[in-house]
Every structure is written in C-alpha cells, then in structure tokens.
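Those protein sequence lines, which keep their order, are chains F and V.
Sequence positions in the first sequence follow our numbering and run 1 to 415.
Sequence positions in the second sequence follow our numbering and run 1 to 415.
Certain hints may be false.
Identical chains share a label here; the pair holds if one copy fits it or two copies do between them.
Straight-line distance between alpha carbons at most 20 Å, and here's what the computed EDC-like set of lysine to aspartate or glutamate pairs gives [stated by the list, open to error]:
id: 1; residue 1: Lys-24; residue 2: Glu-379
id: 2; residue 1: Lys-411; residue 2: Asp-298
id: 3; residue 1: Lys-106; residue 2: Asp-167
id: 4; residue 1: Lys-411; residue 2: Asp-69
id: 5; residue 1: Lys-136; residue 2: Asp-376
id: 6; residue 1: Lys-24; residue 2: Glu-120
id: 7; residue 1: Lys-411; residue 2: Glu-171
id: 8; residue 1: Lys-190; residue 2: Asp-141
id: 9; residue 1: Lys-411; residue 2: Glu-360
id: 10; residue 1: Lys-409; residue 2: Asp-362
id: 11; residue 1: Lys-40; residue 2: Asp-335
id: 12; residue 1: Lys-176; residue 2: Asp-321
id: 13; residue 1: Lys-380; residue 2: Glu-202
If you're looking for bench data, these hints aren't it; they were derived computationally from the structure.
There are 2 protein chains.
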Amino acid sequence: LRLKAILFIADGMADRPVKELSWKTPLEAARKPSLNQIAKAGICGMVDPIASGTPPGSDVATLALLGYDALKVYSGRGALEALGSGVKVQPADVAFRCNFATVNQKSVVLDRRAGRISNEDATKLARSLSKVKLRKSLNADFLFKNTIQHRAVLALHGPKLSTAVGDSDPEKVGEKARQVKPLDSSFEGKRTAKILNGLLHEFQKVLKNHPVNEERLRHGSPPANIVLCRGAGTIPNVKPLSQIYGVKSACIAAAPLVRGVCKVAGMKLMDVKGATGTPQTDYMAKARAAVQALKSCDFVLLHVKAADVASHDGKAKQKIDAIENIDRMGGYLLDKVGLDSTYLAVTADHTTSTVTGNHEGDPVPIAIAGPYVRRDDVEKYDERSCAKGGLGRIRGLDLMPVLMNFLGKTKKFGA
Amino acid sequence: LRLKAILFIADGMADRPVKELSWKTPLEAARKPSLNQIAKAGICGMVDPIASGTPPGSDVATLALLGYDALKVYSGRGALEALGSGVKVQPADVAFRCNFATVNQKSVVLDRRAGRISNEDATKLARSLSKVKLRKSLNADFLFKNTIQHRAVLALHGPKLSTAVGDSDPEKVGEKARQVKPLDSSFEGKRTAKILNGLLHEFQKVLKNHPVNEERLRHGSPPANIVLCRGAGTIPNVKPLSQIYGVKSACIAAAPLVRGVCKVAGMKLMDVKGATGTPQTDYMAKARAAVQALKSCDFVLLHVKAADVASHDGKAKQKIDAIENIDRMGGYLLDKVGLDSTYLAVTADHTTSTVTGNHEGDPVPIAIAGPYVRRDDVEKYDERSCAKGGLGRIRGLDLMPVLMNFLGKTKKFGA
Numbered sequence: 001l002r003l004k005a006i007l008f009i010a011d012g013m014a015d016r017p018v019k020e021l022s023w024k025t026p027l028e029a030a031r032k033p034s035l036n037q038i039a040k041a042g043i044c045g046m047v048d049p050i051a052s053g054t055p056p057g058s059d060v061a062t063l064a065l066l067g068y069d070a071l072k073v074y075s076g077r078g079a080l081e082a083l084g085s086g087v088k089v090q091p092a093d094v095a096f097r098c099n100f101a102t103v104n105q106k107s108v109v110l111d112r113r114a115g116r117i118s119n120e121d122a123t124k125l126a127r128s129l130s131k132v133k134l135r136k137s138l139n140a141d142f143l144f145k146n147t148i149q150h151r152a153v154l155a156l157h158g159p160k161l162s163t164a165v166g167d168s169d170p171e172k173v174g175e176k177a178r179q180v181k182p183l184d185s186s187f188e189g190k191r192t193a194k195i196l197n198g199l200l201h202e203f204q205k206v207l208k209n210h211p212v213n214e215e216r217l218r219h220g221s222p223p224a225n226i227v228l229c230r231g232a233g234t235i236p237n238v239k240p241l242s243q244i245y246g247v248k249s250a251c252i253a254a255a256p257l258v259r260g261v262c263k264v265a266g267m268k269l270m271d272v273k274g275a276t277g278t279p280q281t282d283y284m285a286k287a288r289a290a291v292q293a294l295k296s297c298d299f300v301l302l303h304v305k306a307a308d309v310a311s312h313d314g315k316a317k318q319k320i321d322a323i324e325n326i327d328r329m330g331g332y333l334l335d336k337v338g339l340d341s342t343y344l345a346v347t348a349d350h351t352t353s354t355v356t357g358n359h360e361g362d363p364v365p366i367a368i369a370g371p372y373v374r375r376d377d378v379e380k381y382d383e384r385s386c387a388k389g390g391l392g393r394i395r396g397l398d399l400m401p402v403l404m405n406f407l408g409k410t411k412k413f414g415a
Numbered sequence: 001l002r003l004k005a006i007l008f009i010a011d012g013m014a015d016r017p018v019k020e021l022s023w024k025t026p027l028e029a030a031r032k033p034s035l036n037q038i039a040k041a042g043i044c045g046m047v048d049p050i051a052s053g054t055p056p057g058s059d060v061a062t063l064a065l066l067g068y069d070a071l072k073v074y075s076g077r078g079a080l081e082a083l084g085s086g087v088k089v090q091p092a093d094v095a096f097r098c099n100f101a102t103v104n105q106k107s108v109v110l111d112r113r114a115g116r117i118s119n120e121d122a123t124k125l126a127r128s129l130s131k132v133k134l135r136k137s138l139n140a141d142f143l144f145k146n147t148i149q150h151r152a153v154l155a156l157h158g159p160k161l162s163t164a165v166g167d168s169d170p171e172k173v174g175e176k177a178r179q180v181k182p183l184d185s186s187f188e189g190k191r192t193a194k195i196l197n198g199l200l201h202e203f204q205k206v207l208k209n210h211p212v213n214e215e216r217l218r219h220g221s222p223p224a225n226i227v228l229c230r231g232a233g234t235i236p237n238v239k240p241l242s243q244i245y246g247v248k249s250a251c252i253a254a255a256p257l258v259r260g261v262c263k264v265a266g267m268k269l270m271d272v273k274g275a276t277g278t279p280q281t282d283y284m285a286k287a288r289a290a291v292q293a294l295k296s297c298d299f300v301l302l303h304v305k306a307a308d309v310a311s312h313d314g315k316a317k318q319k320i321d322a323i324e325n326i327d328r329m330g331g332y333l334l335d336k337v338g339l340d341s342t343y344l345a346v347t348a349d350h351t352t353s354t355v356t357g358n359h360e361g362d363p364v365p366i367a368i369a370g371p372y373v374r375r376d377d378v379e380k381y382d383e384r385s386c387a388k389g390g391l392g393r394i395r396g397l398d399l400m401p402v403l404m405n406f407l408g409k410t411k412k413f414g415a
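Generate the whole structure from the sequences, applying the supplied hints.
Right, here's the structure in full:
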C-alpha cells in the first residue's frame with residue numbers, strides 16, 4: 001500500500017470574527033459539511049504560517065507549508081512570480097513583479113493598473129517591449145512577459161546583479177513613479193539599479209506612442225504608458241521535495257506566486273483549464289486535477305485563491321460563497337480518495353481579515369484526515385474548533401514533516 | 001524540604017491507532033490505572049522529542065529529554081553505545097557499534113547476528129580479538145568488547161581520528177560486507193578508514209579458524225566469522241547535569257545506548273540485577289532501584305525498553321503487556337515516593353508504530369505529577385488524552401528545564 005497526501009490550501013480562508021456575521025468568522029458562518037467531515041475524521045490544530053503575529057505573504061507562507069524555513073530562504077517575490085508565470089529565471093537572475101500603469105507628464109501615477117488593461121493589449125505591448133536592446137556595455141539582458149491583465153514580470157540576466165534595489169512602483173496613486181535606487185553601497189546594487197532605470201526608460205519611450213496606447217486614448221481608456229517594478233527577487237536556494245523526502249509531487253494552482261514556489265520545490269506544475277486564480281475559477285476542475293495528479297504522485301498541493309480575494313475586498317458574503325465552493329472541492333476529494341491510503345490535509349496559507357482587508361498574523365486552522373492519525377474530538381473545521389485539536393499549535397514549516405512522517409518519508413535522526 | 005524528580009521514560013511506548021485494537025493505541029487499550037493516576041494528579045501535554053515529524057533514535061531522544069540540543073551536540077551512536085557498555089571512551093576516540101556476523105567466502109552476509117551467538121561464545125571470541133596488535137606505524141590502539149549476544153563495541157584510540165567514515169555493516173543479509181570508506185577528503189577520515197579496515201581484516205583472520213567457530217560449525221551453528229561495524233561516533237561535548245542544574249542524578253537503564261547518554265550527562269549509572277533491556281526484564285527491580293537511588297539523588301532517570309521491542313516486532317498484544325508492566329512500576333513509584341516532595345514525570349522517548357515497526361515522528365505523551373504543577377483536566381495517560389493537557393505541545397529539550405524549574409534548579413535570566 002503506497003500512502004499519499006493532498007495538501008489543500010485555501011488562500012486567506014482563515015479570518016477573525018466579523019460583526020456582520022454575528023461575530024462568527026466566515027468559516028464559522030459558512031455551510032461546509034465536507035470540511036467538517038475532514039476535521040471530524042482527522043486530527044486538528046492551529047498553524048502559525050511563519051511566526052505568531054507575523055502576517056505572511058502567500059509566497060513565504062507556501063514556502064513554509066512546503067517545509068522550508070522561509071525566514072532563511074526567502075529571497076524576494078519577483079523571481080517566484082516570474083517562475084510561476086513561465087519565465088525561465090536562472091539562479092543569478094534578479095526578477096521583478098511589474099504593472100502596466102498610467103502616469104501623467106510629470107510621472108505621477110494616475111492608475112496603477114492602466115484601467116485593468118486587457119490581456120490582448122498587454123500582450124501586444126509586451127511584444128514590443130521585448131524588442132528593446134540594452135546597451136552592450138551593460139553586459140546584461142532581460143526577459144519581459146505580461147501575465148494577467150496589467151500584471152507582468154521582468155527578469156534581468158547577467159553577471160553581478162543584486163536584489164538590493166528599491167521599487168519603481170510607489171504603490172499609490174498620486175505619487176510619482178520612482179527612480180530605482182540601490183539599497184546598499186555595493187557595486188552590484190548600483191549596477192542593477194542603473195540597468196533597471198535604463199531599461200524602464202527605454203520601455204517608456206516605446207510605450208509613449210505605441211499604436212495600442214493611441215487606440216486606448218481614442219476610446220477613452222487610460223494608456224499603459226509606464227511599467228512599474230517591485231519586489232526584486234532571486235530564486236531561493238532550496239532542495240526539491242524529491243530530494244528531501246523522496247516523493248514525486250505536483251501542484252494545482254493558478255496564482256503565479258504560488259506556482260513559482262512550487263516550481264522551486266521541484267513540483268510538477270499542472271495546467272488546469274478554467275483555473276484562473278480568481279473567485280470565478282473552475283473549482284471542481286481543480287479538484288478533479290488534484291485527484292488525477294495523485295495517481296502518479298505521492299504528494300499534491302491544491303491551492304485556491306478565491307477566499308483571499310473576497311477578504312481583500314472586504315466582502316464577507318463573497319468569502320462565504322468561496323468557502324462553500326471550497327467545501328464542494330473537499331467533498332469531491334473525500335469522495336474520490338480513500339482515507340485508508342491517502343492523507344488529506346486542509347489549511348489556509350494565512351488569515352486575511354475581511355475587516356482590515358489585510359493579511360494578518362493570526363494562526364490558521366489545520367485538519368489532517370487519513371489512516372493513522374490520532375483522530376481527536378474536533379467536529380468542525382474552523383478557527384475556534386481546530387484550536388481544541390490534538391495537533392496543538394505548530395509552525396508552518398512543521399506541517400510538511402508531519403505529513404511526510406505519515407507517508408513514512410521522513411528520515412530517522414539518531415540510532 | 002528537598003524537592004526531587006523521577007523521569008520515567010518508556011522507550012517507544014507511544015503509538016498510532018491500531019486497527020486490531022479497534023483503532024485505539026496500545027496505551028489506550030492497556031489497563032494502566034497507575035499511569036492514569038499520574039496523569040490525573042498532574043499536568044499533561046505532548047512532546048516532540050526532536051521536532052514535529054522527525055523520527056528520533058533513542059540516543060538523540062534521550063539527549064533531548066535530558067535537556068540537550070541533540071541537533072547540535074549529537075556526534076554519532078558508537079561512542080554512546082561503547083560508553084554505555086562500560087568501555088572507557090576518551091574524548092578524541094572514535095567508537096563503533098559492532099555485530100558478530102556470518103559471511104560466506106565472498107564476504108556476503110548470511111546472518112547479521114551469527115545465529116544470535118551466546119554471550120559465552122562471544123566473550124571467548126572478543127578475548128581473542130582484543131589481543132590483535134595494530135602495526136606500530138599506525139600509531140593507534142583499540143578496545144573491543146562484546147555486550148549482549150552478537151552485539152559488541154569498538155573504540156579506536158589515537159591522534160587524528162574522525163567520525164567521517166562509512167559503515168562496514170551493509171545492514172542487509174545478502175549484501176557484501178563493505179570496505180570502510182572515508183566520507184570526506186580529510187586526512188583524518190582516510191586515516192581512520194585505513195586503521196579500521198586493517199583491524200577488521202585482522203579480526204577476520206583470528207575468527208576464521210577460531211576454536212569457538214569450529215565448535216559452532218560442528219553443531220550446525222553459523223560461525224561468527226566477521227565483525228561488522230557501524231555508527232562511528234565520538235563523545236558529545238556537553239556539560240554534565242550537575243554543572244547545568246546543580247543536581248545529583250542517577251540513571252536506571254539497561255540499554256547501552258541510553259546508559260551511554262546518561263554517562264555523558266554525568267549521571268551515576270546504577271546496575272540492577274535482572275534488568276536486561278528486553279521484555280523479560282525485571283520491571284519491579286528497576287522501579288525499586290529508582291526509589292532507592294532517589295534517596296541520595298535529586299534526579300533519577302528510569303528507562304524501560306520493553307514497549308519499544310514489542311512495537312518493532314509488530315506485536316500489539318505484547319506491547320500492551322509491556323505497558324501494563326510499566327504501569328505496575330508506576331504504581332510502585334506512586335506508592336513509594338511522596339508527590340508532596342517528588343515530581344514524577346512519565347513519557348516515551350519516541351513513537352514506535354506497531355504497524356510500521358519503525359520509530360515515527362509523532363509526538364509522545366507527557367504527564368508530570370508533583371506538589372506544585374498546575375493540575376489539568378486530563379484523567380488518562382495516553383496520546384489523545386494528554387494532547388488536551390495544560391502543558392500543550394513542547395519540544396523534548398524543553399522538558400528538563402520544566403522539571404528542574406519545579407525543583408528550583410533553573411537559573412533566572414535577567415534581573
């Protein structure tokens with residue numbers, strides 16, 4: 001009998017009590033019989049994705065939930081997002097998350113998303129930007145790729161690059177796009193800032209009179225006349241899961257940042273038709289893909305973004321809808337995988353508060369059902385119920401060893 | 001009033017739910033009124049001996065339960081086992097666990113235990129092996145001692161030795177005994193491998209036509225015609241408990257590995273007649289010895305191996321028997337020590353699964369009874385009950401400070 005595991009991560013699903021839900025959390029308020037069934041069949045607890053009180057991004061939380069010490073290995077967002085978007089990032093490359101945006105003549109940001117530009121327009125612009133040539137004396141080149149709507153990624157390639165550079169994106173409408181500044185006095189930092197500023201300047205020249213933007217102006221749409229960068233990052237230096245645990249693993253996720261982390265972990269990235277990383281995703285297609293992937297893999301990470309999106313927008317009702325869709329996925333998994341040979345773990349990568357609209361540092365619930373767990377008394381999957389569970393309170397990076405231990409994949413220490 | 005403590009460690013007693021026990025664990029299925037009484041009178045919790053999900057050996061687990069950071073100080077099994085077997089190992093020595101084994105003419109292992117050779121035969125062989133002379137130019141000597149049946153220990157003594165050498169024991173019947181290889185490119189590693197290979201070769205020559213083996217062959221017993229080595233180790237560099245906590249301490253254990261750890265911790269090793277480190281041990285003699293030792297000591301570690309042996313053999317019923325014997329020891333302790341002045345802590349050094357037969361990384365239950373513990377609601381001593389206890393989930397190396405704190409032996413940090 002080959003034991004397997006699914007780690008089902010619902011992005012931002014954990015929350016705080018919400019007044020309009022009579023001080024229940026969205027998880028407590030939602031109808032979620034399948035998640036409850038997993039909690040009831042399993043051992044439950046709470047997870048601090050990074051550390052008590054630390055609000056994590058989805059990148060570091062996913063790194064932690066895959067067993068990596070994110071505090072040590074995390075090296076910025078950019079490379080993870082670029083990798084997850086299908087850009088070939090190499091170990092010494094420095095990559096950035098980018099936005100197509102709209103600025104006025106004084107470089108003041110008017111719209112950080114260029115009117116949520118269409119994929120079609122963004123693709124045409126990106127094609128033109130990719131033709132920009134860096135001066136040969138800079139001894140560097142780049143890859144630029146648009147992803148969804150205004151989103152894009154940029155990877156710089158060449159010797160002596162550094163992540164010690166600031167953002168050009170002020171992340172606020174009404175502020176000026178920034179010159180990228182080195183964050184330390186190293187040669188590499190200065191060089192990287194110089195290359196990036198030069199490149200962004202060239203980009204701006206190409207965008208200025210681009211036919212796509214002229215067309216947008218004619219239709220009253222904000223032109224995508226600047227590329228804003230943030231989150232300089234390199235690929236984290238980690239061993240793949242296959243090497244650490246000897247498992248074959250796959251990832252079902254649409255969010256580029258999560259895909260990037262899974263790529264770094266050496267997981268096979270599955271493409272699922274209809275999986276969008278939005279509340280309009282095809283939930284059941286992802287659940288089906290996870291069950292399918294489990295046939296050839298020992299470990300499958302299944303990630304759904306929708307609950308997080310609703311929380312950021314402060315929409316408790318929409319978050320409950322997302323949770324109920326996630327519950328249906330849980331039902332499908334329960335129906336299709338045998339808990340006599342498969343461990344099914346459900347958690348969130350972090351708490352996102354529907355009230356503050358932010359990631360918060362509160363711990364998240366975890367339930368693990370499967371053949372040899374020490375089943376506890378918890379009967380519901382939510383923040384308060386799981387806090388009474390037999391797992392107690394563990395750290396994010398402890399979860400993967402716990403799962404791999406159930407699969408017999410952790411190495412003994414000592415004799 | 002002088003406060004004292006007994007740490008009662010039942011090796012491998014923790015387990016996972018077992019189908020043939022109606023999904024109870026052996027602890028849950030056993031009749032164990034005294035262990036329950038300790039839980040009921042005390043504060044309970046769960047311990048990760050090393051880290052969540054990490055299956056520990058008894059050596060590193062015991063180091064951790066004595067308060068040492070095993071991940072930092074552990075330096076291999078060999079020296080601990082040799083020390084625990086009464087061999088004088090010095091700080092720079094490199095020691096090994098050995099087996100008398102049987103190989104064919106092509107050095108393929110036929111029996112890793114030479115038919116579980118008797119202590120008597122092994123002693124005669126060891127006496128001959130001890131007379132082997134290493135070439136003077138090697139500038140090294142050795143101690144070899146048989147312990148129980150096929151088991152033996154070997155300590156190499158001399159300058160510039162290293163633990164960076166592989167095992168000669170392939171740990172599998174049907175495979176060839178290995179040449180010992182250096183694990184790094186250091187002079188010390190190469191030198192140690194050379195000395196060891198030379199010595200094992202000499203051993204083989206002595207064993208070949210040894211009268212004991214000729215006698216064994218005549219009776220159809222497998223000859224002990226090779227010594228297999230594994231687990232190169234040095235003495236871990238740790239402070240004794242007396243220095244850390246100012247306590248006088250003693251150890252009641254038969255298992256050499258555990259005795260070795262206690263020796264390293266500066267504990268007095270008590271010899272108990274009838275204590276064998278097997279399920280046939282004299283349980284009550286050990287309990288009596290612990291109570292006796294407590295008269296002159298502040299802290300006594302009482303270790304029983306039997307439950308672990310039963311788990312490795314996959315025998316749930318035998319494990320329950322061992323637990324019920326362990327419970328009788330608990331009853332004796334409760335009867336003889338006053339909980340108004342003595343803390344009585346019961347735990348396991350690791351989970352051993354009766355299903356997989358392996359050490360597993362699941363946490364182990366802990367109960368601490370004594371005058372000033374914050375008694376909780378837990379009424380039974382088992383994995384699931386203790387998970388609801390007031391201690392929560394702690395690490396192995398946290399336990400000793402917790403106990404020593406109750407004894408008033410921990411130092412204040414800060415002002």
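Cross-check of the supplied hints:
no. : hint              : result
1   : Lys-24 x Glu-379  : both (17 Å within a copy, 19 Å between copies)
2   : Lys-411 x Asp-298 : within (16 Å within a copy, 36 Å between copies)
3   : Lys-106 x Asp-167 : within (18 Å within a copy, 67 Å between copies)
4   : Lys-411 x Asp-69  : both (18 Å within a copy, 18 Å between copies)
5   : Lys-136 x Asp-376 : neither (64 Å within a copy, 64 Å between copies)
6   : Lys-24 x Glu-120  : neither (42 Å within a copy, 60 Å between copies)
7   : Lys-411 x Glu-171 : between (45 Å within a copy, 16 Å between copies)
8   : Lys-190 x Asp-141 : within (16 Å within a copy, 47 Å between copies)
9   : Lys-411 x Glu-360 : between (34 Å within a copy, 9 Å between copies)
10  : Lys-409 x Asp-362 : between (30 Å within a copy, 13 Å between copies)
11  : Lys-40 x Asp-335  : within (15 Å within a copy, 40 Å between copies)
12  : Lys-176 x Asp-321 : neither (38 Å within a copy, 62 Å between copies)
13  : Lys-380 x Glu-202 : neither (56 Å within a copy, 66 Å between copies)
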